[in-house]
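Asker: Got two chains here, separate frames each, mind docking them using the hints?
Residues per chain, in single letters:
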Amino acid sequence: MEIVVCVKRVPMVGGRIVVTADGQDVDTRMSGFTVSPHEECAVEEAVQIAEREGGRVTVLTLGPPEAADQLRDMLSLGAQQAMLLETDGREWGPVSTAAAIAGAVRELPCDLLLFGNEAADTGGYQVGVRVAHALGRPVATGIKKLTRTDAGFQASREYRGMQETYELPLPAVVSVKEGINLPRYPSLPGRLRAKRATIEVSHPQWQPEGLRKRRLRVPEETRKRAEVLGSGVDAVPALVNLLDELGVLS
Amino acid sequence: MSVLVLAELDGSSVADASLRALSLARDLDEALAVALFPSGAELEGAGLPGPAVEQLAAYGVADVYAADVPGLAGYAPAAWARAMAGLAESGVAQGGPVTAVVAAATDRGSEVLAHLGAITGLPVAANCVSVSVGAAEPGRWELVRQRWAGSLLEDAELEASLAVLTVAADAVTARPAAAPAGTTVHVFRPEIPAEDLLVRAAESAERGGGMSLATARVVVGGGRGVGGPDGFAPLEELAGLLGGALGVSRVVTSQGWRPHRQQVGQTGTKISPELYLACGISGAIQHMAGCLSAKHIVAVNTDPDAPIIAHADYAVIGDLGQVIPALVEALRARG
Chain A
1 MEIVVCVKRV
11 PMVGGRIVVT
21 ADGQDVDTRM
31 SGFTVSPHEE
41 CAVEEAVQIA
51 EREGGRVTVL
61 TLGPPEAADQ
71 LRDMLSLGAQ
81 QAMLLETDGR
91 EWGPVSTAAA
101 IAGAVRELPC
111 DLLLFGNEAA
121 DTGGYQVGVR
131 VAHALGRPVA
141 TGIKKLTRTD
151 AGFQASREYR
161 GMQETYELPL
171 PAVVSVKEGI
181 NLPRYPSLPG
191 RLRAKRATIE
201 VSHPQWQPEG
211 LRKRRLRVPE
221 ETRKRAEVLG
231 SGVDAVPALV
241 NLLDELGVLS
Chain B
1001 MSVLVLAELD
1011 GSSVADASLR
1021 ALSLARDLDE
1031 ALAVALFPSG
1041 AELEGAGLPG
1051 PAVEQLAAYG
1061 VADVYAADVP
1071 GLAGYAPAAW
1081 ARAMAGLAES
1091 GVAQGGPVTA
1101 VVAAATDRGS
1111 EVLAHLGAIT
1121 GLPVAANCVS
1131 VSVGAAEPGR
1141 WELVRQRWAG
1151 SLLEDAELEA
1161 SLAVLTVAAD
1171 AVTARPAAAP
1181 AGTTVHVFRP
1191 EIPAEDLLVR
1201 AAESAERGGG
1211 MSLATARVVV
1221 GGGRGVGGPD
1231 GFAPLEELAG
1241 LLGGALGVSR
1251 VVTSQGWRPH
1261 RQQVGQTGTK
1271 ISPELYLACG
1281 ISGAIQHMAG
1291 CLSAKHIVAV
1301 NTDPDAPIIA
1311 HADYAVIGDL
1321 GQVIPALVEA
1331 LRARG
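Residue numbers (this note's numbering), protein chains in the order written: chain A, 1 to 250; chain B, 1001 to 1335.
The following block holds chain B by itself, in its conformation from the complex (with noise of 0.2 Å):
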């Protein structure tokens, strides 16, 4: 028995989160085994990248399934899902039987099993924080899942011919198997229907300029408390200063003064700072879902009694227009 996994891939290396999905999908204790889709390039023979393959050996990857699809060189949901929903009716080498395909819940992750879930009719569990195989009878696992991005856990029951599951990768550790696996790659070649190849991306050069806040290692917050449009300069030289990004709660998008892409939260950017030092936000839930993975939160609020309070480690009582721009120059003349 095993599981198939989706790894997607980051240039040479799987993605972190499909390790820490892969690390979920070991607790079923079954053997493990990865679909990935390379570009045109990066198969030649079973030549993988070479790092991908070492880091699928590390997380206990016995069978490793490298896509050829001719005339596909990049992302097509459909051909994916279908393609996975193959290897998981024929079963894999080692392994033998797949009972279980379980993905990231990344855009792509979520979406390409949404597909298999259509085209197999299979119920689809999203964002599961942990899975166990249920005691009763195969067919049955047990599972808990974010609900609300993560303000609400689901404990549910799956009953189905295989399970199918993405993972809150934020949510998982990626942990290294015990020991490293002999990996096999194999190249496989799925009959992919035409219309299944209709829907595929056409990949554009990076957007430039700026620090990306997902990963950025300090993130500055201003919410309602920051009062409008032009508030945001303080906040903004501070972010500067302590080389991070500035990101905002949905009022503060939603009123259009700071673009979407700067917004944190359930609709928003998930970030996952070493400091995240929020201003004048109340700290809705919506907004706490994107910052949960914060290793430390400082909130600066008039409102001693702002939800954040109950989320942030330290606080500061007091109006953001004051304390910010006081830290600023206390900064600055530290030098």
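Excised from the complex, chain A in its bound form (with noise of 0.2 Å):
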């Protein structure tokens, strides 16, 4: 089985988000650089299903020259190929995004095209939708369970307490969520056969989108520092003396 995983470079925040001066971008010069959490799912979930009945699996991504080292990350994790759609570092719209990669999954074998769910930054809910309509291909979202069946896969999420079952022909695309799969990590021969490979390269085009980004901003702090109940065991009873106060104490 041919599978394609698309994954986004992020920044890695961790305790703190800072926005840069100009109010276009997240502060990275503290940080370094990740996928979304849904996408290492998807390609834990790639590898998986090809390791169970044979395939290659290519990862994909639309970023700077630098999302390279996220490839080489999904490489060492079992992927087979990497194809980076390099732009200027530019931030691309969902729209523009989801045609380059139509455009590039249109000239590959691929039966089964994996997405996250949304990627960690952006959270636009669409490019995989967007690129299975340009493709004509049947799409699900959210899923959270891939099973095998005899003409594709049957995808299964959660809604209000429910499962939602999905059947899906190949080829299509599926969106997955963290919950999916435990991810594993690298080996020390993925490593290596990471950093040896070879990354395609292309350059689609950026096109201007109706949707455009004027600021970033950090929501106002609606809490204040916290009070301190006190240290250790000897704050117990200050504490009993709140979960009263809040009527949590049945």
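Since the hints were derived computationally from the structure, they do not count as laboratory data. Treat the hints with care, as some may be off.
The calculated EDC-like cross-link candidates involving lysine to aspartate or glutamate, where the alpha carbons are at most 16 Å apart (straight line), are [to be verified]:
1. A/Lys144 / B/Asp1107
2. B/Lys1295 / A/Asp25
3. A/Lys144 / A/Glu167
4. A/Lys213 / A/Asp22
5. A/Lys195 / A/Asp69
6. A/Lys144 / A/Glu44
7. A/Lys144 / B/Glu1203
8. B/Lys1270 / A/Glu158
9. B/Lys1295 / B/Glu1274
10. A/Lys213 / A/Asp25
11. B/Lys1270 / B/Asp1107
12. A/Lys213 / A/Glu44
13. B/Lys1295 / B/Glu1203
14. A/Lys213 / B/Glu1142
15. B/Lys1295 / A/Asp244
16. A/Lys213 / B/Glu1159
17. A/Lys213 / B/Glu1157
18. A/Lys145 / A/Glu167
19. A/Lys213 / B/Asp1155
20. B/Lys1270 / B/Asp1068
21. A/Lys144 / A/Glu158
22. B/Lys1295 / A/Glu221
23. B/Lys1270 / B/Asp1170
24. A/Lys145 / A/Glu158
25. B/Lys1295 / B/Asp1319
26. A/Lys145 / B/Glu1203
27. A/Lys195 / A/Glu66
Answerer: And the structure:
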């Protein structure tokens, strides 16, 4: 089976998120980069499927030249091929991103095209669906379980405590959510293979979009610094009183 | 002019998230129309669930369009999107031309409007927290939307022939209209191409057991500070005593200490309890994005400078391995 997985390079943020002075980007001078969590799981799912039934996993990203680092990370987890749709570092909107991915996937053998449900940074919830429409393929999103069937895959997700199941004939597009599997850590041979791998590069054309960012900002903090009830077990009586005041003791 | 809103049904009522989406849609100051997709049993004549229609009237909805699609009894995202695109194009009875399509940013709402964007080629602004009509000319809107699951806000301009927006429901309050509308229910039969009916949901019975994390009144959270898979027993016991649920941070699920369904955060469950007691959790933004709606946050942490202290209302500086068993004992002693 030929599986293509799309990933996105995003800042690795921890306890605080800082915006650059011009309000256009997240300040990444103090942080590294990673791929969105849902996408780590998409790559893991692809590698598991290829391990089970044979096939090849290609990872694809649209981003600046440095996004090759994230492709190599994914190669070290078991993907065999990597393709970079290289940009000049500008932020691409979902419409042009989807057009570029659809253009690249059209040229590839691809039975199953995987995405993460949404990117961690922009959270647009739409690139996978747009690509599916461009390619004329069925799509399911938010998927937390994939089971092989004769025709393709059975894809399941939760909805209000119920389980929803979709039947997808191949070729198909699926966007997955974290929880579908537990991603592995890279192996040393995987890392070495990834280091040597060739990354195929192409340069799609940026297009302006109808949704335009003016600026990013951190929401105003509504909470103040916490009132300290005490230290260690000595704080327990104050904690019990607080729970009582909040009305959560039945 | 009117705004068309997707209303999701929760039994015979309108889902809370959709009421919030309607509240934001009303800020556009145009007539409100709603599209909904009742199951066959609910759609006898125009006999929609009474409570749903009453709610929609209270929220100022003039036109309710209930879809009747032969062969479609449940959820099919592309079909719902195709039906809404058709309504948006043809206009609605009382409000006339449709200028915006809005849905709550639920799994279904996000998915349906992504399909609508793909079908029409229009941009989709996801997770909006506010929107207003741009002053300059028609076809322009000013909006604020969430990024990083709400840890960051984006001020944006939208230019399109039709605004397509999803609403970050937990950041918007549900507000009924000043005066209820005279609501007309229309049954409409959209033309749906066969390929849009290919992907459809089959629903299975409810997964039983356990209090739902998303709706729990009290959540006891555990993070890296719990130390390992064996450290959760006191937290579970405390959650049980408080009639609440156990929630954990991402590091806990990615280590395999607890199942992913217990994860609170950007890629897990969003919670909105009265009390979130976060134990041994540092407070990464991805975690805080999942508990912004908690009324009160109490942190138990050994590090007084942990980021979570800046988000919490109260803190206990100490080792959860000592504090929590002592708290459990104290609560038991109260009986």
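Asker: It remains to establish, for every hint, whether it holds in the given structure.
Answerer: These are the hints, each one checked on the structure:
no.: 1; hint: A/Lys144 / B/Asp1107; verdict: 13 Å, holds
no.: 2; hint: B/Lys1295 / A/Asp25; verdict: 30 Å, violated
no.: 3; hint: A/Lys144 / A/Glu167; verdict: 14 Å, holds
no.: 4; hint: A/Lys213 / A/Asp22; verdict: 12 Å, holds
no.: 5; hint: A/Lys195 / A/Asp69; verdict: 9 Å, holds
no.: 6; hint: A/Lys144 / A/Glu44; verdict: 13 Å, holds
no.: 7; hint: A/Lys144 / B/Glu1203; verdict: 15 Å, holds
no.: 8; hint: B/Lys1270 / A/Glu158; verdict: 14 Å, holds
no.: 9; hint: B/Lys1295 / B/Glu1274; verdict: 5 Å, holds
no.: 10; hint: A/Lys213 / A/Asp25; verdict: 10 Å, holds
no.: 11; hint: B/Lys1270 / B/Asp1107; verdict: 13 Å, holds
no.: 12; hint: A/Lys213 / A/Glu44; verdict: 33 Å, violated
no.: 13; hint: B/Lys1295 / B/Glu1203; verdict: 33 Å, violated
no.: 14; hint: A/Lys213 / B/Glu1142; verdict: 10 Å, holds
no.: 15; hint: B/Lys1295 / A/Asp244; verdict: 15 Å, holds
no.: 16; hint: A/Lys213 / B/Glu1159; verdict: 11 Å, holds
no.: 17; hint: A/Lys213 / B/Glu1157; verdict: 7 Å, holds
no.: 18; hint: A/Lys145 / A/Glu167; verdict: 12 Å, holds
no.: 19; hint: A/Lys213 / B/Asp1155; verdict: 6 Å, holds
no.: 20; hint: B/Lys1270 / B/Asp1068; verdict: 33 Å, violated
no.: 21; hint: A/Lys144 / A/Glu158; verdict: 8 Å, holds
no.: 22; hint: B/Lys1295 / A/Glu221; verdict: 14 Å, holds
no.: 23; hint: B/Lys1270 / B/Asp1170; verdict: 9 Å, holds
no.: 24; hint: A/Lys145 / A/Glu158; verdict: 10 Å, holds
no.: 25; hint: B/Lys1295 / B/Asp1319; verdict: 24 Å, violated
no.: 26; hint: A/Lys145 / B/Glu1203; verdict: 14 Å, holds
no.: 27; hint: A/Lys195 / A/Glu66; verdict: 14 Å, holds
Of the numbered hints given earlier, the model fails hints 2, 12, 13, 20, 25; all others are met.
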